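Each chain, written out:
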Amino acid sequence: MKRQLMVFVKQVPDTKNISGEAMTPEGTVNRAALPAIFNPEDLNALELGLQLKEKYNFKVIVATMGPPNASEVLREALYRGADEAILITDRAFAGADTLATSYALSCCVKSIGNVELILCGRQAIDGDTAQVGPQLAEKLNIPQIAYVEEVIDASGKSIKARRAIEGGYEILESPLPTLLTVIDANEPRPASAKGIMKYKKAKTRSEVAKQLRDADYTEAAVLAEKETILRSKNLWIHEWDAAKINADVNRIGLKGSPTKVKKIESVVLKAGKVVSIEPSEAGINGLIRELIEDHTLG
Amino acid sequence: MSNFFTDNKDLQFTLANLELEDVVKFRENSYKQANEFDYAPENLDDARDSYKKVLEVVGEITGERIAPRARVIDEEGPQFESNKVTYHPLTINNLEDLKKADLAGVMLPREFGGLNFPVTIYTMMTEMVSRADASLQNLFGLQDIAETICEFGTEDQKQRFLPRFACGEADGSMDLTEPDSGSDLQSVRLKATLDPKTNQWYLDGMKRFITNGCSKVHLVLARSEEGTSDGRGLSMFICEACPQLVVRRIEHKLGIHGVATAELQYNHVPAELCGMRRRGLTKYVMSLMNGARVAISAQALGIAEAAYREARKYAAERKQFKTSIDKFAPVFTMLTSMKMEILAARTLLYETTKMVDLRWAYGHLVEHGKPEEITTDIRQNDKFYAKVAAVLTPMSKAYATEVANRVSYKGIQIHGGTGYMKDFNAERFYRDARITNIYEGTTQLQHVAAIGGIVQRVLDPIMDKFAALPYQGKLMRLSTQIHEMRKKQQIAVQYVAEKKDSTYFDMVTKHLVDMETYIFVGYLMLRDALKVSERETIAERFILDAVPEFDRSYAVVMSGDVTLIDNHKEILDY
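So the sequence lines, in the order shown, correspond to chains A and B. Sequential numbering from 1 applies to the first sequence in the working numbering. Sequential numbering from 1 applies to the second sequence in the working numbering.
Chain B extracted, bound-state conformation (with noise of 0.2 Å):
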């Protein structure tokens, strides 16, 4: 029995030295709120006591309830019968004490129900709902649906649809892939027709591998304009539950079985158009895949800490040799590069939530604000955290995702034989993680958001900040390195810049966003350590293991070496 907030100490870390004030006062509209709802914060303090508290309930909700449950739950999943998905009773329960918590809406409007949190905040939630039963987070994380109709809904959709979801009435699911487009949503082919006598939509064709696709409420991108074949052609509706939604059958997976999959039939189901028509798929799926990408790599960190927690733990236990074999050299660099990439992991995550968490502020003043409000400052600072967030998001899922993979695989490594037997959970964080590279974009395609804005140098100016910071000592020389390879890295991106080769690009891509990932990083955990001493060991061991894996892709960036273009086919075919 634990609490997954208080045994944590790293993200209560987090939550005290985030400098959320900009963030919650404008999530806050300077707390005018407070009146209106007793629930509201008065201030920035009264807000952060709000969060800690609410924060240890999940932890105590997660730790104590949903992580006992989670392993019945992999092992038998939901059912399927006659079209009818029925979850797990298990499942079920988990759903009734998030929703008993009041957390179905947490970032919605205190209007429509909603707890107004910000996403950073959020994210917490789902990490710590992601250590106890990943599958559960996929439910959870859902509620993006609705952020979703908040963002671009009519005043009309925002209050039928919000208030069921806030109170947990309604779930959602986020239709977009199809048998024959993946990753390449523009191919949709999910047609939308309107009736021009009675002006109502109507949806036909299938959907496939669809999260929860037995939910109500579906968010659905649909091709509704007749002729076109790109994104420009697709729009995004709404539509509910009912018969000529057919749910043809549930995926059998790897991993993450407490939650459907579904594949979807859709024979002419009324829906209703959200936001603008030809904006579906270039607006409003990126922006819900900009969420769904920070929730999946929360998803990626809280199984990474629960593989973690149980590796160490049996470590600790397992005594070979006489001696419990976390005494060893090969397990103990295993256990230390773990907690070290969580650590990684989890401060550039919440950098990362508290840039979206800006964009969102900025974005919602120059949108709504008041004309003669919005001063060049609020213009800029919106472009800026746009582009911050843009390079981020990525940035941060392709790190987490796989650091999740890197760590439940050495947990099962540390487990032993043990760790290949059901009867232990180092195999299923094992299975859980490896969707999480894979959905909401591949590895490869975060990598392809991310480097357009690291060959701009997007995230210069905060480096800059960081780089100024008082160091002393220690922390001193290791900011110098971290200098050496920000100079490095500036050479290796005009040389890719200046060859001018898209393949070459390509290829080197994937090195260059590590690269920046190692950078920015490692100036979050020197900022981080200047705050806490007990800090500048774990900055320490960050820097020092980055060097040579930062030296190893400058290497291959700089060698230049254009060969595999022309004969990776030779190999293949030996």
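So here's chain A without its partners, still in its complex pose (with noise of 0.2 Å):
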């Protein structure tokens, strides 16, 4: 059997190109105004999982946990290279926090069973907790290594990385399975047109659902067909349920959420007053008067 290592993603709100008001008047985020990306560590994790492929022939299987749309993230990893991709999807994991969502994701790697790395992106650009990767080593039980910038070896039993670390890096080296938090180290490759003009029929059963309806039909028949072709073709993202992946229903979503939040403020920064200085003796002379007074300096 080919060895396996799994890359789990997000998609997130792109927080770098807002195109409106990012809070809601009630302090939500509000999602129209912020286009869904995939989160930016998460594809250098993918580089890094491509990037393992290519020398050790690993099997690469991405996996997110997310809303029906979130499929979109998954067809871009098909598109870059990657080989099998889940959905986690049920409205029973809705507003997870990051232990519930640790544990969910554990309950996916388990179920898959035999994945020797598990590679996260360090965090994500709308939470920036930095959390679910090493919780969710510490859920399999499993070393971890965080930071990560590139793996130097992967060729036997265990792993060697460089990681980064305060004022320089160090290598480790860590049995597998292990899981690693992947930094902005690496360029992601893009995606490729050929992979793109393949994996764009990559769907959901949902999405195929949805499809059936929209052209009026309804029968379970039409759909399992679909169902048979899209797998024939490696043509079908999986959708998984807190049933299929054995998640215990009072582990996950806002139930298995210790986190509460309790208010959310819109800060808004405002800038001050612009003050131009004459680039004299005069003038810098009475700017460093102020900065004094100010307490600035001094």
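None of these hints come from the bench; they were simulated from the model. If you're wondering where the values come from, they're calculated on a predicted model, not measured in any experiment. Check each hint, because a few of them may be wrong.
[Said to hold, decoys possible] Below, a list of computed lysine-lysine pairs in the BS3-like style, where the Cα atoms sit at most 27 Å apart:
| hint | chain 1 | residue 1 | chain 2 | residue 2 |
| --- | --- | --- | --- | --- |
| 1 | B | LYS53 | A | LYS201 |
| 2 | A | LYS200 | B | LYS53 |
| 3 | B | LYS100 | A | LYS198 |
| 4 | A | LYS273 | B | LYS25 |
| 5 | A | LYS110 | A | LYS53 |
| 6 | B | LYS339 | A | LYS210 |
| 7 | B | LYS313 | A | LYS233 |
| 8 | A | LYS270 | B | LYS319 |
| 9 | A | LYS16 | B | LYS53 |
| 10 | B | LYS216 | B | LYS32 |
| 11 | A | LYS233 | B | LYS53 |
| 12 | A | LYS201 | A | LYS244 |
| 13 | A | LYS16 | A | LYS200 |
| 14 | B | LYS52 | A | LYS200 |
| 15 | B | LYS510 | A | LYS198 |
| 16 | A | LYS233 | B | LYS25 |
| 17 | B | LYS100 | A | LYS2 |
| 18 | A | LYS210 | B | LYS322 |
| 19 | B | LYS510 | B | LYS488 |
| 20 | A | LYS270 | B | LYS322 |
| 21 | A | LYS198 | B | LYS158 |
| 22 | A | LYS273 | B | LYS319 |
| 23 | B | LYS319 | A | LYS233 |
| 24 | A | LYS273 | B | LYS322 |
| 25 | A | LYS233 | B | LYS465 |
| 26 | B | LYS500 | B | LYS465 |
| 27 | A | LYS201 | B | LYS100 |
| 28 | A | LYS16 | A | LYS160 |
| 29 | B | LYS99 | A | LYS201 |
| 30 | B | LYS9 | A | LYS16 |
| 31 | A | LYS16 | B | LYS487 |
| 32 | A | LYS200 | B | LYS99 |
| 33 | B | LYS99 | A | LYS198 |
Put the two chains together into one complex, using the hints given.
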């Protein structure tokens, strides 16, 4: 059997390209103003996974937990060379904090089995917690190497990786299976044209069902037939719910999340007034005097 | 950070509105490959959707990766040491990105690993690559070499070379120019000799100004027929980089610094014939050049787009006299004319590529189709589109490349003193644009190539169709103006023909080509305005600007003033 590695990815609101007000007046995130994108460091994790595939012949399984339309990031991963994609989706997962999320992801890993390496981006640009990767390793009771820049060797039963530390780097070796959180240290490959043209047709069950509904087909047999065809062409994106991954309903979603959001505040940073200072002896002296009076200097 | 496809409304309009149905159907051979290749389209909608999605990725790569690297590449360029060219590390990153995105064999058939895209879509990529880094286009565009081998090579040559191009392993160069043969390629002297014992060809001689002359695979125009001195003694050869093929030096150029332009010395380089003997220049190089001319039009357009955008941004941000300078009439008129010329060049270019695609399609049907399937219609279309493409290709190159020069010139002007400094991109665009109306045939030679078809009124059937579209109101009034121009053009062409003075004809050729361009683009603008009403203002602006320019050229042609023929020397010698 081929060696397997998993990359966990997340669809996030694009906090760098905000097209309107990022927050609603009620203080929640205004999703409409934020286009959904592939979390940037997850692309680095995927890139590392694909490099390992090329070097050591790993099978790369990409998974994400999210709403049905998060399948878009899975297709993006397929365009770049991932072998298989899983969408973990269920209303019961909604409202999960990092604890409930990492629990659900651990259930997914266990139901696949024989996963030697798990790659996660260091953190997602929406929550910025950097907790899910490490928590997932703990849930699976496997070692982890965080802040990974590159893998030096993964040919045998252990992995040697270089990770960033303050003021330098260190090289660690860990027995497999291991989880890595990956930082922005490689250049993710672009989507490939052939990948796009093939995998744009990759669909989840819900997407196929919706297509059929739109075309006025409702028979289960038609759906099953479609599934067989897509599976045979490797165009089937698995859609797994809580039951499929044997998740304890009390440990997922809001129920499984001890984190309570007390209040969200929209902080608006306003620029102060602009003062222009003449580039002359007098102007500079005036500025220094002002800064001293202000206790900024001295 | 931007996406050069999704931020370009006009390019997206072009893709959405070009009627590519026939082009795609022929290219895809009625979608027969869908069962054989998982990335082949099943129908027109599938193909269109794929084009759009792939162009979006090209837009992302060019906008977010390639463009930010362009300035450093321009400053530092490739290295040349002990006869070896090393490209800038960022150029290598660019090529890697394009390769990983499967963009090294865009038009090649799928059997050889290509995407089998039409020229039109490939040209849109060319435009975006050039907008990001004009010099990179010279490397990206050399996949045309593979295209030529695909058209004219043997099955064995295709099998050996094309997959290497498609996967990005091999790069190419087109070795035509020699120290004494530039515009006049018929006089090429590089010698090809056949060793009768081994049946092996060898090349000896010099080539100059060879873009990417350090390539792995060279297509070489050489004199295979001893004792000849014209184009019919030339054949085309394929050779590989080897110790006998020496890169003597690379040029220090005004622009397109990112790509090496080399002088090559052939010391008995083993080579193989591509296609038939004696057809090197007359058929293969002409075909190669026509492809390259389309690509250079797109390169010019990409540079113009980049220059316009930076100028517009600068004009909106730069404050003088307490207001941003784009509020001043001299500045916004310059910006508007830049934008208008870009829109005009784009509509002309992609109408051209559509015709080139149709010529390719009918040409293939006639050459490779079953005899019983080749109807009279197909034969007529083959001839028709060949003629149309032969007029539009040089017309488009002449127009787009001169536009790029004007636009990048104004780009600096709008920046003022800042634009003259190396700190801004404006001066790079200006330098890069300058080669476009020189290489692959100067503008003056494009005029010569286009004029025959203009005199024969090759575009008339197409213009008749445009003229018959259901215009109303403002568009109808504008179409009447174009119609008037067409009548005058017919008079002018007839006048020059009846004069039977070849020097006068050569003198006014430029004007006749310009006039035909105004008319043809005017119709394209009207046609586009019928599709989206917001383009009415654009069509109106183009035609209102074209009328006085047209009339000026018309007056020059009709003046019959031949005095310059007699007295130019007197003036020059003063």
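Cross-check of the supplied hints:
1. Between B/LYS53 and A/LYS201, the direct Cα distance comes to roughly 12 Å. Compliance with the 27 Å bound is thereby established for this hinted pair.
2. The suggested pairing of A/LYS200 with B/LYS53 holds, with an alpha-carbon distance near 9 Å, which does not exceed 27 Å.
3. For the suggested pair B/LYS100 and A/LYS198, the alpha carbons sit about 15 Å apart, so the restraint of at most 27 Å is met.
4. Note on A/LYS273 and B/LYS25: the hinted pairing is violated, with a Cα-Cα distance of about 63 Å set against a maximum of 27 Å.
5. A C-alpha spacing of about 21 Å is found between A/LYS110 and A/LYS53, which places the hinted pair at or below 27 Å, so the restraint holds.
6. Restraint check for B/LYS339 and A/LYS210: the C-alpha separation of about 43 Å exceeds 27 Å, so the hint is violated.
7. Restraint check for B/LYS313 and A/LYS233: not satisfied, since their Cα atoms lie roughly 48 Å apart, outside the 27 Å limit.
8. A C-alpha spacing of about 23 Å is found between A/LYS270 and B/LYS319, which places the hinted pair at or below 27 Å, so the restraint holds.
9. Between the alpha carbons of A/LYS16 and B/LYS53 the distance comes to roughly 22 Å, so the proposed pair stays at or under 27 Å and holds.
10. As the CA atoms of B/LYS216 and B/LYS32 are separated by approximately 34 Å, the hinted pair breaks the 27 Å bound.
11. Using a Cα cut-off of 27 Å, the hinted pair A/LYS233 and B/LYS53 holds, with the two alpha carbons roughly 21 Å apart.
12. The straight-line distance between the Cα atoms of A/LYS201 and A/LYS244 is roughly 24 Å, inside the 27 Å bound, and the hint therefore holds.
13. Proposed proximity of A/LYS16 and A/LYS200 is supported: the alpha carbons are some 26 Å apart, at most 27 Å.
14. The hinted pair formed by B/LYS52 and A/LYS200 meets the criterion: a straight-line CA distance of about 12 Å does not exceed 27 Å.
15. The suggested pairing of B/LYS510 with A/LYS198 is violated, with an alpha-carbon distance near 48 Å, which exceeds 27 Å.
16. Pair hint A/LYS233 plus B/LYS25 holds up; C-alpha atoms about 24 Å apart against a cutoff of 27 Å.
17. As the CA atoms of B/LYS100 and A/LYS2 are separated by approximately 24 Å, the hinted pair is consistent with the 27 Å bound.
18. The suggested pairing of A/LYS210 with B/LYS322 is violated, with an alpha-carbon distance near 57 Å, which exceeds 27 Å.
19. Between B/LYS510 and B/LYS488 the CA atoms are separated by roughly 16 Å; this keeps the pair inside 27 Å, and the hint holds.
20. For the given pair, A/LYS270 sits about 24 Å from B/LYS322 by alpha-carbon distance, which is consistent with the 27 Å threshold.
21. Restraint check for A/LYS198 and B/LYS158: satisfied, since their Cα atoms lie roughly 25 Å apart, inside the 27 Å limit.
22. Among the hinted pairs, A/LYS273 with B/LYS319 is consistent with the structure: their alpha-carbon atoms are about 19 Å apart, no more than 27 Å.
23. For the suggested pair B/LYS319 and A/LYS233, the alpha carbons sit about 59 Å apart, so the restraint of at most 27 Å is broken.
24. As the CA atoms of A/LYS273 and B/LYS322 are separated by approximately 19 Å, the hinted pair is consistent with the 27 Å bound.
25. A C-alpha spacing of about 45 Å is found between A/LYS233 and B/LYS465, which places the hinted pair above 27 Å, so the restraint is violated.
26. Between B/LYS500 and B/LYS465, the direct Cα distance comes to roughly 31 Å. Violation of the 27 Å bound is thereby established for this hinted pair.
27. Between the alpha carbons of A/LYS201 and B/LYS100 the distance comes to roughly 20 Å, so the proposed pair stays at or under 27 Å and holds.
28. Proposed proximity of A/LYS16 and A/LYS160 is contradicted: the alpha carbons are some 34 Å apart, above 27 Å.
29. Taken as a hint, the B/LYS99 and A/LYS201 pair is honoured in the structure, with Cα atoms around 23 Å apart against an allowance of 27 Å.
30. For the hint linking B/LYS9 to A/LYS16, the alpha-carbon distance of about 22 Å falls within 27 Å, and the restraint holds.
31. Proximity of A/LYS16 to B/LYS487 is assessed by CA-CA distance (about 56 Å); at most 27 Å being required, the pair is judged violated.
32. Between A/LYS200 and B/LYS99 the CA atoms are separated by roughly 20 Å; this keeps the pair inside 27 Å, and the hint holds.
33. A hinted pair counts as satisfied when its Cα atoms are at most 27 Å apart, and B/LYS99 with A/LYS198 qualifies at roughly 18 Å.
In summary, the structure is inconsistent with hints 4, 6, 7, 10, 15, 18, 23, 25, 26, 28 and 31 from the numbered list given earlier, while agreeing with the others.
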